[in-house]
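If you want the building blocks of each chain, they are given just below.
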Amino acid sequence: MSGELPELSGDEIKRYSRHLIMPEVGVEGQRKLKAAKVLCIGAGGLGSPAAMYLAAAGVGTLGIVDFDVVDFSNLQRQLLHGTPDVGRPKLDSAKDRLNALNPNVHIETYNAALSSENAMQLFAPYDVILDGTDNFPTRYLVNDACVLSGKPNAYGSIFRFEGQASVFATKDGPCYRCLYPEPPPPGLVPSCAEGGVFGVLPGIIGVIQATETIKLILGIGEPLIGRFMIYDALRMRFRELRLRKDADCPVCGTHPTVTKLIDYEQFCGVAPHQVEAAKPMTTSIDALTATDLKAELDRGEQLVVLDVREPQEYQINKIPGSILIPLGDLPKRYVELDPNARIVSQCKSGMRSAKAQDFLRSKGFTSVRNLTGGILGWIDQVDPSQPKY
Amino acid sequence: MIKILIPTPLRPFTDKLDTVEVSGATVGELLQNLTTMHPGLKQHLYAADGKLRSFVNVYVNDDDIRYLQKHETPVKDGDTLSIIPSVAGGARP
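Protein sequences appear in the order of chains A and B.
Here the first sequence stands for residues 93 to 481, where the numbers follow our numbering.
Here the second sequence stands for residues 244 to 336, where the numbers follow our numbering.
Hint data in this document are derived by calculation from the structure and do not stem from the laboratory.
Heads up, some of the hints might be wrong.
[Stated by the list, open to error] The list that follows gives simulated cross-link-like pairs (lysine to any residue, SDA-like), each with its CA atoms no further than 20 Å apart:
id	chain 1	residue 1	chain 2	residue 2
1	A	Lys-424	B	Met-280
2	B	Lys-246	A	Arg-331
3	B	Lys-259	A	Asp-324
4	B	Lys-259	A	Arg-327
5	B	Lys-319	A	Leu-333
6	A	Lys-243	A	Thr-262
7	B	Lys-294	A	Pro-273
8	B	Lys-259	A	Pro-418
9	A	Lys-447	B	Gln-286
10	B	Lys-285	A	Gly-420
11	A	Lys-447	B	Tyr-289
12	A	Lys-337	B	Asn-300
13	A	Lys-424	B	Lys-285
14	B	Lys-259	A	Gly-287
15	A	Lys-455	B	Ala-291
[Unchecked claim] Examples of chain B residues lying across from chain A (beta carbon under 7 Å, computed):
id	residue
16	Phe-256
17	Phe-298
18	Tyr-302
19	Tyr-310
20	Ser-329
21	Val-330
Note that the Cβ used here is the ideal one computed from N, Cα and C, for glycine as well.
The task is simple: from the sequences and hints, build the whole structure.
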């Protein structure tokens with residue numbers, strides 16, 4: 093933010109009066125907020141509460157990058173979007189919601205996937221970047237683009253009941269790569285779609301991101317720089333870990349090797365959605381479709397359908413006659429299975445069951461096939477009466 | 244005994260326990276004992292070359308062992324070891 097700060101209108105003075113009477117914000121701080129530009133990457137679980145509070149607080153320009161449409165399964169936590177918005181682009185519902193919240197805020201929407209090609213240009217007009225994405229390639233891309241463009245990254249991430257937050261890529265502070273130099277290989281860390289997420293969790297973490305963003309703009313308090321906040325909703329406990337700037341960091345260290353944006357899909361291995369999409373390529377010895385499975389079962393073939401999901405998923409839908417051994421329990425419980433049985437490994441969409449297939453084969457099981465598309469394929473092709481999740 | 248805090252993504256490999264008490268004098272010994280008790284954890288903590296995976300950080304109390312003495316970092320009763328893997332959850336890209 094440079095140059096003259098914009099004046100506040102009479103309406104704005106009324107609206108922000110609870111800020112204006114605090115010495116830490118005051119008229120000048122509110123004008124700083126009005127001059128500020130914040131870019132939210134993602135209008136989902138984290139982006140929703142963050143963008144809503146930033147808009148309410150009077151951040152002058154809010155940019156949002158997203159290309160998703162609203163799904164019923166988003167509504168449990170993504171408060172930017174309501175039931176009537178299902179099927180609409182998230183950017184549209186986000187813009188409506190934020191405009192209703194505070195018409196003084198200028199909303200810029202970018203209907204695009206953030207990429208190495210567009211990131212630097214998208215970031216250029218903004219003061220702070222708020223990372224609310226759900227995947228590693230974009231996390232590393234946001235981090236590197238923040239370091240390379242000198243913009244602070246208000247970072248948050250969530251999984252089930254746990255959240256993480258920090259501020260990365262400030263001038264002297266650490267970046268995400270100082271914390272985690274490399275991403276996990278695809279498939280090793282489950283996504284929210286696979287692992288689930290406690291609906292109120294992104295509320296806490298997204299609001300921490302918004303809090304830090306506002307503090308950075310106002311230049312007040314102790315920013316969450318060099319500190320890593322871990323939140324456990326079940327225990328209701330916050331822990332703070334110390335975070336150091338790594339002199340050997342490949343992007344923000346003293347001798348950086350990453351000096352421009354790279355191919356992040358490649359850096360992170362194959363993106364998880366591509367792995368899933370690649371599954372149907374396997375041969376018939378390795379895999380079968382739900383239609384094939386139904387035909388074999390109807391012919392009375394002796395098959396063991398092994399469901400490797402979690403018990404709570406099994407309660408939602410199942411293939412009749414299947415047995416449940418969650419993937420995580422398999423190393424201990426595989427002895428319950430006959431190694432010569434004809435096994436069909438099955439999960440929600442085919443990822444976890446492929447791991448179970450590999451595992452069982454490594455233990456000498458002779459016939460293990462993976463059900464392509466998992467229970468979702470079964471519902472699509474065989475039994476549409478069952479609910480999907 | 245030292246308390247090791249297990250993060251959510253790794254709990255499927257510790258019988259769903261969020262805390263495991265382990266004995267040992269160094270971080271290396273604790274992790275060795277932990278993976279002996281819960282063998283399924285090993286491949287999630289260590290790469291094939293035996294090194295701690297680069298998306299898994301280990302803290303003694305609030306400090307990263309990379310800036311202490313790594314696996315040789317001494318631990319004493321009352322210390323807490325935290326395993327903090329990277330997680331990516333948020334919005335769809």
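Quick rundown of the hints versus the structure:
Distance hint between A/Lys-424 and B/Met-280 is fulfilled; the C-alpha atoms sit about 12 Å from each other, no more than 20 Å. Between B/Lys-246 and A/Arg-331 the CA atoms are separated by roughly 15 Å; this keeps the pair inside 20 Å, and the hint holds. Taken as a hint, the B/Lys-259 and A/Asp-324 pair is honoured in the structure, with Cα atoms around 15 Å apart against an allowance of 20 Å. For the hint pairing B/Lys-259 with A/Arg-327, the CA-to-CA distance comes to about 15 Å; that is within 20 Å, so the pair holds.
The straight-line distance between the Cα atoms of B/Lys-319 and A/Leu-333 is roughly 19 Å, inside the 20 Å bound, and the hint therefore holds. For the hint linking A/Lys-243 to A/Thr-262, the alpha-carbon distance of about 7 Å falls within 20 Å, and the restraint holds. Of the pairs offered as hints, the one joining B/Lys-294 and A/Pro-273 holds, with about 14 Å between alpha carbons and a cut-off of 20 Å not exceeded. Proposed proximity of B/Lys-259 and A/Pro-418 is supported: the alpha carbons are some 12 Å apart, at most 20 Å.
Between A/Lys-447 and B/Gln-286, the direct Cα distance comes to roughly 13 Å. Compliance with the 20 Å bound is thereby established for this hinted pair. Simply put, B/Lys-285 and A/Gly-420 have alpha-carbon atoms about 13 Å apart, close enough for the 20 Å limit, and the pair holds. As the CA atoms of A/Lys-447 and B/Tyr-289 are separated by approximately 18 Å, the hinted pair is consistent with the 20 Å bound. For the given pair, A/Lys-337 sits about 15 Å from B/Asn-300 by alpha-carbon distance, which is consistent with the 20 Å threshold.
For the given pair, A/Lys-424 sits about 14 Å from B/Lys-285 by alpha-carbon distance, which is consistent with the 20 Å threshold. With a C-alpha separation of about 14 Å, the suggested pairing of B/Lys-259 with A/Gly-287 holds against the 20 Å cut-off. Distance check on the hinted pair: A/Lys-455 and B/Ala-291 sit about 19 Å apart at the alpha-carbon level, within 20 Å; holds. The closest approach between the C-beta of B/Phe-256 and any C-beta of chain A is roughly 6 Å, which is under the 7 Å cut-off, so the hint is satisfied.
Annotation: interface hint on B/Phe-298 holds; nearest CB of chain A at approximately 4 Å, less than 7 Å. Because the closest C-beta pair between B/Tyr-302 and chain A is about 5 Å apart, less than 7 Å, the hint holds. Against a cut-off of 7 Å between C-beta atoms, the interface hint on B/Tyr-310 holds, since the closest Cβ of chain A lies about 6 Å away. Contact between B/Ser-329 and chain A, as hinted, is supported at the beta carbon level, the nearest pair being about 4 Å apart and thus within 7 Å.
Taking 7 Å as the C-beta contact cut-off toward chain A, the hint placing B/Val-330 at the interface holds, the least distance being around 4 Å.
Checked against the numbered hints given earlier, the structure satisfies every one of them.
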